[in-house]
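Keeping the supplied structure of chain L fixed, place chain G upon it in accordance with the hints.
Sequence lines, in order, name chains L and G.
Start counting the first sequence at 1; every next residue gets the next number (my numbering).
Start counting the second sequence at 1001; every next residue gets the next number (my numbering).
Simulated from the structure, these hints should not be mistaken for lab results.
Certain hints may be false.
FRET-style restraints, in silico, Cβ to Cβ [unchecked claim]: (1) Pro1117/G <-> Glu74/L: 31 to 37 Å; (2) Asp1050/G <-> Glu56/L: 36 to 42 Å; (3) Lys1027/G <-> Glu233/L: 40 to 46 Å; (4) Ala427/L <-> Ala1112/G: 55 to 61 Å; (5) Ala1112/G <-> Glu432/L: 56 to 62 Å; (6) Glu67/L <-> Glu1026/G: 29 to 35 Å; (7) Val222/L <-> Lys1044/G: 38 to 44 Å; (8) His277/L <-> Gly1095/G: 28 to 34 Å; (9) Met189/L <-> Thr1025/G: 20 to 26 Å; (10) Ile399/L <-> Lys1027/G: 30 to 36 Å; (11) Gly305/L <-> Thr1025/G: 37 to 43 Å; (12) Asp1092/G <-> Gly106/L: 23 to 29 Å; (13) Lys240/L <-> Ile1030/G: 42 to 48 Å; (14) Gln1061/G <-> Gly305/L: 41 to 47 Å.
Note that CB positions come from ideal geometry on N, CA and C, so glycine has one too.
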Amino acid sequence: MVEITDVVCSLCGCVCDDIVVEVENNEVVKVKRGACSVGKAKLMGHERIKSPMIRENGKLKEVSYDEAIKKSAEILYNSRRPLLYGWSSTVCEADKVGVELAAELGAVIDNTASVCHGPSVLAIQDVGLPSCTLGEVKNRADLIIYWGANPSQAHANHMKRYSYVSKGYWTGEGKKGKKLVVVDPRKTMTTKMADVFVQIKQGYDYPVFSALRAILRGYEDVVPDEVGGVPKETLLELAKMVKEAKFVMTFFGMGVTHTGARHNNIVNAIQFTRAAHLHTKASIMPLRGHYNVAGINQVLTWETGFPFAIDMARGYPWYNPGEDSATDCLWREDCDSAMIIASDPGAHFPGQSLRHMAKIPVIQIDPFANPTTEFADIIIPSAVSGIDAEGSVYRMDNIPIRLRKIIDSDVPTDEEIVGGILTEVRALQEKEGQ
Amino acid sequence: MEGISVRLISGRTAVQGQNLDSKLTEKYFIEVARCDLNGADMEKLGVAKDDPVKVTTAYGQVVVKVKQDDGLPEGMAFIPMGPWCNAVVNGDTNGNGMPSFKGIDGTVEKTAEPVLPVPELMQTYMG
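Only chain L is shown next, with the shape it has when bound in the complex:
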């Protein structure tokens, strides 16, 4: 038995990097400390896909990696408009090769941000983001606001490591010296911890942010007695808490990106933070879901200039979310093949988009079977980044962290598989050129 310390979790955007595990016979047998229940489940492992497979006459047949990679390249190369989607539960090194593949194919490349914090990205491009690192939150923030988020379930270590419960340089008393505000339409485990729970009417985030902005800017007289189900007196109390705090930190989740005004909700959340700057220090950050969704946004941005939903068909990157985002491409029946890597649209895309995914050839690169497997014509199992493969990822505050390899494996990595497909595509291009 070997104890491994400083293991990095490859599950959510918290990317906890102080985990201790025990490894025996090349398997993780125990997670001793550091991980939440969700991270622990990931580290302990699940049943994996055992071999590459190709679907023939409705049945999956085991094949070699070489055959699966070659066939995948043929499908993508012969497509008019392939979609390369996912990229968030893998490492930046694989993402980089993915961008090269998209460029060679003239493909649409998109990542899971488009069904997660894509609207946040649009808002940030619109008005910027006064943000900080999670370390600064830990050391400075004395008023924590979770808006449209339930970290007790989705980011279970977030409060303990970085925000309400953590103890930092100027926050040595932990939660005793802090206030927690939670804004949500329903009561959750997170709202139960709050000093102030603001039960908002579902979909009314935009006007509530506007009311708070007005109060913080000295126009409380224009705010009606109730906004989005929230009494004016509660809004005044919240504004007072903001004014009196030394450092206000707002984290927002998919409660605001998934509904109503979408990116405009986030624009208003950012403007609320700016209004708080009239009185104190304030910062804001999206609670990113996948452990490297921030990383694929980084890689795409430095390679193409844009963070998600990019169409390479013109020979240069074209960015128009709503047109070249994955769910739209599928719903409009715009793409004629799809390569899905490190994500699961079968589970997480609307049914309207899945109807087209059922009609086109689908290549799946993933360690685990999932609903997308039901659509896949080619399945290529890959190594699990952070367990049997290393690589670079970006935490939700855009801090790069190196995932460690903790067990040995001969399963190829995402980078190797995508690289193999890229090599085959280039060989087909060369052949056609001759």
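Relative to chain L, chain G alone:
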């Protein structure tokens, strides 16, 4: 029994997260193929925990098991993010790439129809 009107939201749960890499298991099925309602709404429907209910929106319908969560206001339904919820969400992104996964108007009614496991649910898209 007539159905009730609801506003549907979706979201993560810890058990859903624990089974992200094992979505074809019974644990995931039990956790995600469900709809939470306030106890008063369950009473109106005449349903008890784990009874099947049919959720219908303008975008589709799906059968899931019901569970009581009095943290939800009356008239609000919660289905964990996943394939069952996505059978009834609004795929229209209004031109920004993001479907409406939350805030969808629909109805919930008692049903005797079965809850479909993942492979059969995915088959409904294959037609």
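Results of checking the hints against the structure:
{"no.": "1", "hint": "Pro1117/G <-> Glu74/L: 31 to 37 Å", "result": "holds, 33 Å"}
{"no.": "2", "hint": "Asp1050/G <-> Glu56/L: 36 to 42 Å", "result": "holds, 40 Å"}
{"no.": "3", "hint": "Lys1027/G <-> Glu233/L: 40 to 46 Å", "result": "holds, 44 Å"}
{"no.": "4", "hint": "Ala427/L <-> Ala1112/G: 55 to 61 Å", "result": "holds, 56 Å"}
{"no.": "5", "hint": "Ala1112/G <-> Glu432/L: 56 to 62 Å", "result": "holds, 57 Å"}
{"no.": "6", "hint": "Glu67/L <-> Glu1026/G: 29 to 35 Å", "result": "holds, 33 Å"}
{"no.": "7", "hint": "Val222/L <-> Lys1044/G: 38 to 44 Å", "result": "holds, 39 Å"}
{"no.": "8", "hint": "His277/L <-> Gly1095/G: 28 to 34 Å", "result": "holds, 31 Å"}
{"no.": "9", "hint": "Met189/L <-> Thr1025/G: 20 to 26 Å", "result": "holds, 23 Å"}
{"no.": "10", "hint": "Ile399/L <-> Lys1027/G: 30 to 36 Å", "result": "holds, 33 Å"}
{"no.": "11", "hint": "Gly305/L <-> Thr1025/G: 37 to 43 Å", "result": "holds, 41 Å"}
{"no.": "12", "hint": "Asp1092/G <-> Gly106/L: 23 to 29 Å", "result": "holds, 27 Å"}
{"no.": "13", "hint": "Lys240/L <-> Ile1030/G: 42 to 48 Å", "result": "holds, 44 Å"}
{"no.": "14", "hint": "Gln1061/G <-> Gly305/L: 41 to 47 Å", "result": "holds, 42 Å"}
Going through the hint list in order, the structure satisfies each hint without exception.
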